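Required output: the full structure, derived from the provided sequences and hints.
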Amino acid sequence: MTASGTPSRGVIHDLGYRPYQGPRLGEGAIARALVVTGLRNAFGLGRSGKSKVLPFVLLAFNLLPAVVVAGILVFVGLEELPIGYARYASTTQVLLGIFVAAQAPVLFSRDLRHGSITLYLARPLRAGTYALARAGSLLLATLVFLLSPVLILYVVALLGELDVVEQTKDAALAVVLALLLALSLTGVAGLIAACSTRRGFAVVGTIAVLLVGNGLVSAVQSVASFEGADGVGEVAGLFTPYSLYRGLLDAWVEGGGVTPPSGVGMEVAYVLVLVGLSAACLAGLVVRYRRVAGR
Amino acid sequence: MTAAAPAAGPTTAVVRTEGLTKHYGAVRALEQLSVEIGTGVTGLVGANGAGKSTLIKLLLGLVAPTAGRAEVLGHDVVTAGREVRAAVGYLPEHDCLPPDVSASDFVVHLAMMSGLPRVSARERAAEVLRHVGLAEERYRPMGTYSTGMKQKAKLAQALVHDPRLVLLDEPTNGLDPAARDEMLGLVERIGRDFGIAVLVTSHLLGELERVSDHVVVLDGGRLLRASRTDDFLDATGALLVEVLGEDAQRRMGEALASHGLVVRPRRQLLAIDAAHGRPDLHDLVRDVACDLGVGLVRVQADHHRIEDVFGTRGAAS
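Protein chains in written order, with the working numbering: chain A, 1 to 295; chain B, 1001 to 1317.
The reader is advised that the hints may include incorrect statements.
Claimed, not checked - Residues from chain B that face chain A, not an exhaustive set, calculated with beta carbons under 8 Å:
1) Tyr1090
2) His1094
3) Asp1095
4) Pro1099
5) Asp1100
6) Met1112
7) Ser1120
8) Arg1124
9) Asp1193
As the list claims (entries may be wrong) - Output of the computed footprint for chain B on chain A, the stretches with three or more beta carbons under 8 Å from beta carbons of chain B:
10) 24-30
11) 34-46
12) 102-116
13) 119-133
Derived by calculation from the structure, the hints in this document are not laboratory data. Predicted, not measured: the structure shown is a model, and the values here were computed from it. Where is the CB? At the ideal position from N, CA and C, for every residue including glycine.
Encoded structure:
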């Protein structure tokens, strides 16, 4: 630009560098901020437009049956919900599996792949706390996915003047089961994603473990039931999060099903395995990120 | 080895290490490092594998030392790693920016990861991005950035929480000459105008000569030398002469030698050892050149360069 040229549109006044004298929050507040950002990122918020497509399409598909049920209930009027609160997640488990498998790498692989993990580890948050905060984001995202149809069904059931006490009891049980399932899915998908810097591997690995594993267990359970060896089917059910969920759903809510856990002992075993699996995976995550920090 | 503290030692040490040692199995990454680093800009020099990155990791409290201790801003890096990391900014050498996030969002997020409340984080991020010179492009995804813009974004995240010390690992790596000058200017401003202590590594020694007040030289995990940059650049006492003409350098060299001077050729220059302390040396050079009929291009005092330290190992300890 020449000296006589027209001045540019605006003028930036350089005030010089000003030190920050405001508050600095502790590790808890930092972890909470990371959880919230992670939850937003899991749905593509705060990221590129493209990354919002998959989670929201999956969420829409996941809600579609609930919306249809709501429509039927409102216009036709039914004595009970055509699908149970807890059964819903079991019916849409493929969508749930894809959601968790696809969004876990957003929270775990991305920082490892792009090296941004270094920037987190150079800040006050400890490696273990970082890992747990990331898992917290994935847990909340999974719960949003699992519980939003339950909420829709519950509201519709109340509007349809179904029995409040009964509906509330069923919905509450579904929430407890959803929490157990979400914890274990978060653990498994998170650990796989944290061990892979490539998104594709993480997605395929998680889907293989969750959906293919569940398919195998279902096949074993069917054969066991057909052969009259229910005990084998019950033990097989201990091996994947989905079959554990289905077993508890059959035992606690609906009755029936293929080789559900029989007796209190087996039910307790199902719960313990779900919780233990989650705890083991979370511990694995903490160890994994401590190793990353020390590299 | 007891390393000398900087000659004109700073009164307030920002970093202080005593016998700091880190072994990875059989690899001795850092060996008995005792050094003090003060305010202003300090250059950290060393070849690849000299222990620069290990030192930075130790100073951030990310790895525990095998032996010895280190204090950063008065905090022990082993027992108070969190306090250290809250007060230190770090610019890593390698890529660390997610491509699908804008610099603005990312710097705000990392400010919050350093404990700033959301509103303050936004203000600080805007201010720091302005200081490093990222204008409208701060709202674009960082995957679309040039290397220079990426380095600025990395610098912004290192400064956003107003640290008292920044560790800059090869901030000029991969930059073109114009972007490198801009980055060096920023490093200088951070140390002098912002009042933030800087520890900056580079394998280009000329850069460090330009911006740093002190230089710490590591070699094979050991301290080779730590002193003021000026001390590295002191005059050697030799006089450099460049002459022009047919076979000028040889003829000039021989003529000067015949006057009893010690002359060594150095590329296109002649280095005259002036240890004899002849006060009329400049006049003599002029007269000899005149007699020989060669063109005298320049006569200048010879200065040390930082890389000379690598040629005379151990001379400084």
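Agreement of hint B/Ser1120 with chain A interface, Cβ distance less than 8 Å: holds, 5 Å
Are 3 or more residues of the stretch 34-46 of chain A near chain B, judged by a Cβ distance of less than 8 Å? holds (count 3)
Does B/His1094 pass the interface hint, meaning its C-beta sits closer than 8 Å to a C-beta of chain A? With a minimum Cβ separation of about 5 Å from chain A (threshold 8 Å), the hint on B/His1094 holds.
Next item in the hint list is B/Met1112. Is there a CB on chain A closer than 8 Å to its CB? holds, 4 Å
Was the hint right that B/Tyr1090 lines chain A, CB cutoff 8 Å? holds, 4 Å
Mind checking, does the stretch 102-116 of chain A have 3 or more residues with a CB under 8 Å from chain B? holds (count 5)
Hint check: is the beta carbon of B/Asp1100 less than 8 Å from a beta carbon of chain A? With Cβ-Cβ at 4 Å, under 8 Å, it holds.
Verify the coverage statement for the stretch 24-30 of chain A against chain B, using a C-beta to C-beta distance below 8 Å and requiring 3 or more qualifying residues. With 6 residues in contact (Cβ-Cβ under 8 Å with chain B), the coverage given for the stretch 24-30 of chain A holds.
Does the nearest C-beta of chain A fall within a distance shorter than 8 Å of the C-beta of B/Pro1099? holds, 7 Å
Under 8 Å is the threshold here; is the Cβ of B/Arg1124 close enough to any Cβ of chain A for the hint to stand? With a closest approach of 6 Å, the B/Arg1124 hint holds.
Count the residues of the stretch 119-133 of chain A whose CB lies closer than 8 Å to any CB of chain B, then report whether that count reaches three. holds (count 8)
Close enough to count: is the Cβ of B/Asp1193 nearer than 8 Å to one in chain A? holds, 6 Å
Checked against the numbered hints above, the structure breaks none of them.
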